[in-house]
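Visitor: Once you have looked at the hints, place chain B on chain A.
Chains as they are written, first to last, in UniProt numbering: chain A, 1 to 685; chain B, 1 to 685.
Treat each hint with caution, since some may be false.
Note: identical chains are not told apart, hence a pair may lie in one copy or across any two.
Okay, derived cross-link-like pairs now, DSS-like style, lysine-lysine, Cα gap no bigger than 25 Å in a straight line [stated by the list, open to error]:
#1 K658 with K197
#2 K400 with K197
#3 K671 with K625
#4 K239 with K206
#5 K5 with K331
#6 K91 with K286
Hints were generated in silico from the structure; no laboratory data involved.
2 protein chains.
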Amino acid sequence: MGYDKVDELAINTIRTLAVDATFKANSGHPGAPMGMAPVAHILFNKFMTFNPKNPDWLNRDRFVLSNGHGCMLQYAILHLFGYGVSMEDLKAFRQVDSICPGHPEAHDTPGIEVTTGPLGQGFSNAVGLAVAQAHTGAVFNKPGFDLCTNYTYCFFGDGCAMEGVASEAASAAGHLQLGNLICIWDDNHISIDGDTKCAFTEDVSKRFEAYGWHVQHVKDGDHDYEGIEAAIKKAQEVKDKPSMIQLTTTIGFGSKLQGTGGVHGNPLKEDDCKQVKEKFGFDPNKSFVVPQEVYDMYHKHASEGAAAEQEWNQLFEKYQSEHKELGADLKRRLTGKLQEGWQNKLPVYKTSDKAVGSRKLSEAVLEAIHDVVPELISGSADLTGSNNTRWKSAVDFQPKSTGIGEYSGRYMRYGVREHAMAAMMNGMSAYGTIIPAGGTFLNFVSYAAGAVRLSSLSHQRVIYIATHDSIGLGEDGPTHQPIETLAHFRALPNMMVWRPADGNETSAAYYVALTSQNTPSIMALTRQNLPQLEGSTIEHGIKGGYVLLENKDANITLVSTGSEVAICLEAAKYLKENNNLQARVVSMPCVEVFDAQSKDYRLSCIPDGIPAMSVEVMSTLGWEKYSHEQFGLNRFGASGPYLDVYKKFEFTPEGIAKRAAATVDFYKDVKPLRSPINRAFLQLI
Amino acid sequence: MGYDKVDELAINTIRTLAVDATFKANSGHPGAPMGMAPVAHILFNKFMTFNPKNPDWLNRDRFVLSNGHGCMLQYAILHLFGYGVSMEDLKAFRQVDSICPGHPEAHDTPGIEVTTGPLGQGFSNAVGLAVAQAHTGAVFNKPGFDLCTNYTYCFFGDGCAMEGVASEAASAAGHLQLGNLICIWDDNHISIDGDTKCAFTEDVSKRFEAYGWHVQHVKDGDHDYEGIEAAIKKAQEVKDKPSMIQLTTTIGFGSKLQGTGGVHGNPLKEDDCKQVKEKFGFDPNKSFVVPQEVYDMYHKHASEGAAAEQEWNQLFEKYQSEHKELGADLKRRLTGKLQEGWQNKLPVYKTSDKAVGSRKLSEAVLEAIHDVVPELISGSADLTGSNNTRWKSAVDFQPKSTGIGEYSGRYMRYGVREHAMAAMMNGMSAYGTIIPAGGTFLNFVSYAAGAVRLSSLSHQRVIYIATHDSIGLGEDGPTHQPIETLAHFRALPNMMVWRPADGNETSAAYYVALTSQNTPSIMALTRQNLPQLEGSTIEHGIKGGYVLLENKDANITLVSTGSEVAICLEAAKYLKENNNLQARVVSMPCVEVFDAQSKDYRLSCIPDGIPAMSVEVMSTLGWEKYSHEQFGLNRFGASGPYLDVYKKFEFTPEGIAKRAAATVDFYKDVKPLRSPINRAFLQLI
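If we strip away everything but chain A, and leave its shape as in the complex, we get:
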């Protein structure tokens, strides 16, 4: 305890940097940094252990700014402690190609753990980071080797507290008894619409207690430094519950507009900037000023962190000799690479193997590889039996006191919380030792869209096991049958949408998903049974698209995915017998991976000279990129046994053949008939 003038100076340096950067950018959010500067100073300088020179050190304490709009707080902290964020970077706040963008992005800025800004996400990521620590510690810590002991700290605002994703994650965290998680609520009574009393009058602390959290209240977050310190200390001591500290602060502390919405999302006016600096003893005519004693204090703490890492590195060296297998495993995990030869475990199928739903083929993959991919943590949003996400010997990730699992368990029971599942998986992936896979129905991946987007933007290797992927789910009907979902996620950059047609393609999907370190995947999987196809192999599948049925005399190429591929093969026979037309069939389990192949390869699949028609039982949107004509479903589905539903919408060999014949006829006079693979210009990527 004991705070002196240098502490005060440090706090006010953070504040004035936030004022200066937002003023210079003429945009941004000074209010939260000014209000939270005290708690940030105390947390980073008194509690957190980290080495700014190696932001990837495994056992660093994690920090998440869930109210990401206040990111000048975090950029200032990163700069002051000596992370790779320079004063020039701060001055380029919110400018094109700056590493200090408008909201924190994990892959751009050293020291940013997760990408935040969309409210509620960071909080939920923090729960995932805490899950990952608890699991990693449970697996790797051994007597005398406390390798993994870090805390996860999170700041969140009223906006995060209102978001459903954070409610879901908070409920899950309470159930999971994550004592390593400490979240601090910036209770400043202000959101964009003004006083929170216009929409948000619940008792937040009572709600967190209801979730099973340990809750404290620091009533004067602007001045009561000792109170803040004591609360964090107490929170650290509570080991069987996550902690929430209600920290009442004044938004924009120091500004003439402090405590009002005026200081939330707009820079201070010039005279207010000067007024703030004078109030805090800074030269009102200078900007971006850091007193040397502030640098000194923070660099001292940083060097203590560097020393702690050194000590840890020695411990880890020793660990690797005493616990050879575990040590090697952890070392490997930190590289992001899988065990050598793991892929030999992937199931391979022959056409004589029985027809099964691809959700079961996915289960077979998990069953086959879970031993050789120990970093894989599966789970489901309360659809375990339907998503087939659990291998037989799996142990639940649960606190021991529940009697139904332990933290070393690798199966997550997320509850009916799709959005939190996705956001938690982003945090788990960001931790660095885990590859999370989580299941729900494909239609309900949409509930998680906010977090799925951040899987892509922040380059997380997260796998969405999305079963019941079409009208083929049958009786549950239109409320559960995806129509727009694949188009949605195919339009999302850096996302692989897989829709395998059989067992070998399912294995291929997992191969690419698990070896793509910076790209998430959605596995769209059927409920209904699919035959094992002639010509399907893992080697073909990993190209994203390939010729399943070649025919040199073809009049048309049928391009299809998943459950419709087998029907296209039937349609090809039908066309030959009834229309005197020859068809080739291309299976396209993943358009994004196909796009990454050479143009020659792609043209060999969808060649010039004959028309191509896509077949997929959902929105046709986007299939024009790979076909001249599209057969799909641009309306909602129907509730009924799946074969009846397929028949209703004509997804039968006859229905496909009828449209294929029309397509051949329609394009017969076009010269040259170019493949849609040929484009006039390339897209920016």
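Guide: Structure of chain B alone, referenced to chain A:
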């Protein structure tokens, strides 16, 4: 009070109908209907007022089954009380084209208020229905004329209780003090993964108390009929808080598997069906049996409801003579049609009018029409000042005790709760007297995707005011810049995605949105300023797409939306001056509305013979439908001043011209060069 054998028989009739229908369908969820049959019987027969012969009567009590998978409970009730659901319909449960689909769909089945099944939605719809009642009552009720007094009742399960959308809505409902809302939690300890103790151990009742709800617990929901009745009665009496009744029940009550997950989502085995029937005194060898005394009891209640409606009709007649204006207004609202001539208030712009952001153009529409469209209720998810959703004289919809509004107010403060906002709007729209419009950033409409989908599926006239619609929002950066969002919602059936280019198109968008009684709309609106375009008119805009710049000698058609249309006009000039190429420009504010125009009209916009290139600063997915080549952004954006960001990605006259020239060159040898409007076959719709 007092329950006799007929009550018991009625309860068990509901149970056995659910058993029989799921058994016959070989699919469905018998557990919830069997567990909730007692509370359903008591609620419908003792408390609810409704007329099955007129399911649209305004002042009926509303019922929402948020755990929609238990819909055989609701279908059975509807049948027994004499709604237009026959025994044959029950026997066709979960069959193609049945009015008893796998989950309840509002537009298919008389008596179903809202479409449920996706968990948490129904609960949130119920909050919206209660908001609508409170508002409608506040506006129309007068001394001696209690026209609008109904309650909204909702059943919800553990799954709904876990979903974030329901948490958001519950928090909002508590703040809004909706005493007309009574929600009953089917506390049966079972979700799909089994015992809820594996993921859901929070104190739900305490959480609802924290939200400001009145909470009761009926501990034996299987047998304590008096307790159920007393709790509902008490809940009715609490006028200043929504009520939640924790009702502990046994899922699948009566089955051999009662109280287990085995009875949740699978029909009972044949022997168990028989066992249940014997236990309840039914003939085990007969199915779909309804004792006459059960029909009699329920039809008696139904006729009381019909009489109540008659009485209400007389009251309303009298009201119309005593309160002429209000009476006529309410009568009109119930037809779904707007006031005659309202559209004359829509703002009209000349090219000399100043450039403004389309979010402000949207605000101008709301300012201009709010008096003549009194059923319009605007609002925002805590972005009022950014979404420009509030007209100047608007009064907040708030409980009077807050001192900041009243229930007759027409401006909703949804808080940072996008998903609940959307789901509440679905309920508000379903009530029948309101057109809700709600704002957030376009990127965060994705948070609400689960509910937006149901706006479409259930045909709700809901307007999403989605500002900050592209990289043009600038500094907030990639976390806030939509890329995939428009593709997502364009792939969603029965959704209009509007992206107006200027003031007249914005007025056109509102014209179509407000007059389309069965289709929701998303208004994608800019933060940045847009000029008023030559050739843009409301009459053009309402066609969804039109020729903004004609050119008989054109080499290319540029097809664009929103903020890029003006840049395309510049590009046309640039092409002429620098490339000796002539360009036409088509503005396409809404592809869905354009699709509904005649083929001749569409071909007149995007003609044969010259190539078309689309220009829109986000995912190109789907633009192939209207163009030969696409210029867009298939990657994440950047944080910076918006003109810098546009320049970085080459969305400039030069950048467009370069690609247009390449397009002209690429297609010069193709004969015939068909417009993409020409297709080989029509899609099923």
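Visitor: State whether the alpha carbon distance between K239 and K206 is at most 25 Å within one copy, between copies, both, or neither.
Guide: both (20 Å within a copy, 23 Å between copies)
Visitor: Evaluate K658 and K197 at a C-alpha cut-off of 25 Å and name the case that applies: within, between, both or neither.
Guide: Classified as neither; 61 Å inside a copy, 53 Å across copies.
Visitor: Go through the copies and call it for K400 and K197: within, between, both or neither, with a Cα cutoff of 25 Å.
Guide: Result: close only across copies, 13 Å inter versus 40 Å intra.
Visitor: Using 25 Å as the alpha-carbon threshold, which applies to K671 and K625: within, between, both, or neither?
Guide: Answer is both; intra-copy 19 Å and inter-copy 20 Å each pass.
Visitor: Should K91 paired with K286 be assigned to within, between, both, or neither, using CA atoms and 25 Å as the limit?
Guide: within (13 Å within a copy, 80 Å between copies)
Visitor: For the identical chains here, do K5 and K331 meet the 25 Å Cα criterion within one copy, between copies, both, or neither?
Guide: neither (43 Å within a copy, 70 Å between copies)
The structure fails to meet hints 1, 5 from the earlier list, while all remaining hints are met.
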